[in-house]
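From just these sequences and the hints, can you work out the full model?
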Amino acid sequence: MTLRIHRIYGFIRLLLLSLMFPWGGLCGGREEVLAKGWTLDLLIERFNQYQGKAITYDLKHPSSKNWGGDVPYFGMLLNNIEKLGDRAALPFLEEKSLMTNAPGPLRAHAAKIYASLATGEECAALLPEILKIDNQTVWTAGWRSSVLSVYLNKIDDAIAKNELSDETVNLFVGKLLAHTQSLSVPRVADGDMIDRFLIQHCAGYATSQQRLAMWTEYLDELGDESWDEELREKFTPIAESIEAIPPRKRTDLRKRFPDLPPLPDDAPAGGCMKIAIAATMGFVAVVAAWLALRRRKARKAA
Amino acid sequence: MRGFAMFRGAAVFLALAANIAFRTDVTTAGHVLNPSGRPLGGAVPVTVWIVKKEDGVPIREPSTVPGLLTDANKILWQSGLVLVQSGQCRLLNNTNWLHHTDVLNPANTNLAAMLDTTNSMGNAVELYFVETLDGTDVAGVCWPKGIAIAAIGDGHTLAHEVMHDCGLEDIYTVEDPDAPDPNPVSGPVSEERIPADWGGGYYPPGLTQRELITRLLMRGGGFGPEPSLSGSIYLPRGTVYGWRYAEGDSVRTLGNVGVGLSAIRRNPGSY
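Chains as they are written, first to last, in the numbering used here: chain A, 1 to 302; chain B, 1001 to 1271.
Mixed in with the good hints, there may be bad ones.
Simulated crosslink set (DMTMM-like; lysine to aspartate or glutamate; CA at most 20 Å straight-line) [what the hints assert, rightly or not]: (1) B:Lys1052 with A:Asp228; (2) A:Lys255 with A:Glu240; (3) A:Lys234 with B:Glu1054; (4) A:Lys53 with B:Asp1178; (5) B:Lys1074 with A:Asp58; (6) A:Lys36 with B:Asp1176; (7) A:Lys112 with B:Asp1137; (8) A:Lys175 with A:Asp157; (9) B:Lys1052 with A:Glu225; (10) A:Lys175 with A:Asp192.
Source of the hints: derived by calculation from the structure; they are not laboratory data. This structure is a prediction, so every number in the text was calculated from the model and none was measured.
In structure tokens:
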């Protein structure tokens, strides 16, 4: 009995302690960071102050892609920013999330902390920008594989809670679709996650020509490494299931998203016109020649 | 990063008579250290394991691994070691092994499970490439079962961890890098602070102990205003005074740290 009473008292004490701190002092770590003398401004100042040195190191040593091994120091500054939990850090975190000369893992860290402090709407605005970075190869784009899942889950939750307007969702879906149709992107690194999101939030996508184009491109991009073979086996059924739908029944999402690029199977519109004009001109020339020949024959006969 | 000092001492130790060319002078920028410590045993086989991401692609491009070993070897020549890849890179199909937390905890079962993928019986260094180790806090970690390298790790990280495997400790320039006032090692270099290396060469007047530590391979954890960690490549002959973690301790204390050739206890190898 005494033990039980002690447990209840202990629980109440714990509850009161947690209420003492505005950010849930028991789990946030904000107080711990403040106690060490850090402020958000100081953390940002330190980051910006020393990043120049790190970037210079990478420039002088082209093989270095990790700021001369100093990522843990900058990561520590970012961790403290996360613990402070201050939304005023969002512009700074956005800048670091898109910083092309920062090491991928550090950029990913900044992007994930941004997501932890931002709303679903803010994540929906930033993700398309993130997807534009390091698109050269499947390896350079690897930094964002964990970022993508964090952002899509956050946006998914916001949609489920009706925190995003239809207009925002539509705009985001349009940008995501445009990303899947962009030829410069090694999409195999991102495709599966984006595909699942679009199936859920974009009507008609599952049977769309755009989805088929994306998966066809994915599969074409794969090489002959062992993991490529596994990916081919995993994703080929998706492409085959869309191919099984008669072409006329496949949705063309350009009706809803006019900014989407042409599909690979589209005959170029300008080309058709040129063919039509050339054919007409050719026909006219043949008729003219035939008439001229007929006249000449008639004159000779006369 | 601080190495995980849970080694299986004597059984692994090999007294080595190296037949390889071993350079006896290590020239740093401004002074010369004369490492005449115990030379190690030349070629060290390294088996490579790479964890695959959720999308099926390995976390590190396998074709870059030989370059990473070359970078590490450019540093490790001081110890007489040459890392040589043994066999092809092997891929690990377990996404639970992409991100590891609490990597210095000997009771970490997830990390232990990954490192138990194979047991080289000390005859090879097992190298595991993962995505993160304690977020972005750790670039590499050395356990008796193998060495794990995060995506932020490079050849320098590997060389540092291999020397942990040989028995060397971490040394730090500051007590707490996670504080606006980190409390750095103060004062100039002196004989008591580098007893085995004093007199080995010319030390620029005014060279501080802190500056000297930033040149050492076993320097742990970079600190913003100091030179980049990747430039810290030298192995002295003996101990060096600085901040260190005493065995089993979680706070740093000042003392002479085993960061040189004299601290080498065994050939690197995983279990």
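Margin query: Does A:Asp192 sit within 20 Å of A:Lys175, going by the straight-line distance between their CA atoms?
Written below: 16 Å, holds
Notebook entry, point to check: For the pair supplied as a hint, A:Lys234 and B:Glu1054, is the alpha-carbon distance within the 20 Å limit?
Noted result: 13 Å, holds
Check: Does B:Asp1176 lie within 20 Å of A:Lys36 when you go C-alpha to C-alpha?
Finding: 10 Å, holds
Margin query: Given the hinted pair B:Lys1052 and A:Glu225, is their Cα-Cα distance within 20 Å?
Written below: 13 Å, holds
Next item on the list: Would you mind confirming whether the straight-line C-alpha gap from A:Lys53 to B:Asp1178 stays at or under 20 Å?
Entry: Given pair A:Lys53, B:Asp1178 holds - Cα atoms ~19 Å apart, limit 20 Å.
Margin query: Against the 20 Å threshold, does the CA-CA distance of A:Lys175 and A:Asp157 hold or violate the hint?
Written below: 19 Å, holds
Checklist line | Distance restraint between B:Lys1052 and A:Asp228, which requires alpha-carbon spacing of 20 Å or less | finding: 12 Å, holds
Item checked: 20 Å Cα cutoff - pair A:Lys255, A:Glu240 -> Violated. A:Lys255 to A:Glu240 sits at ~24 Å, over the 20 Å cutoff.
Notebook entry, point to check: Does the alpha-carbon distance linking A:Lys112 and B:Asp1137 stay inside the 20 Å limit?
Noted result: 15 Å, holds
Next item on the list: For the pair we were handed, B:Lys1074 and A:Asp58, check the Cα-Cα distance against 20 Å.
Entry: Measuring from Cα to Cα gives roughly 18 Å; hence the hint holds.
Of the numbered hints given earlier, the model fails hint 2 alone.
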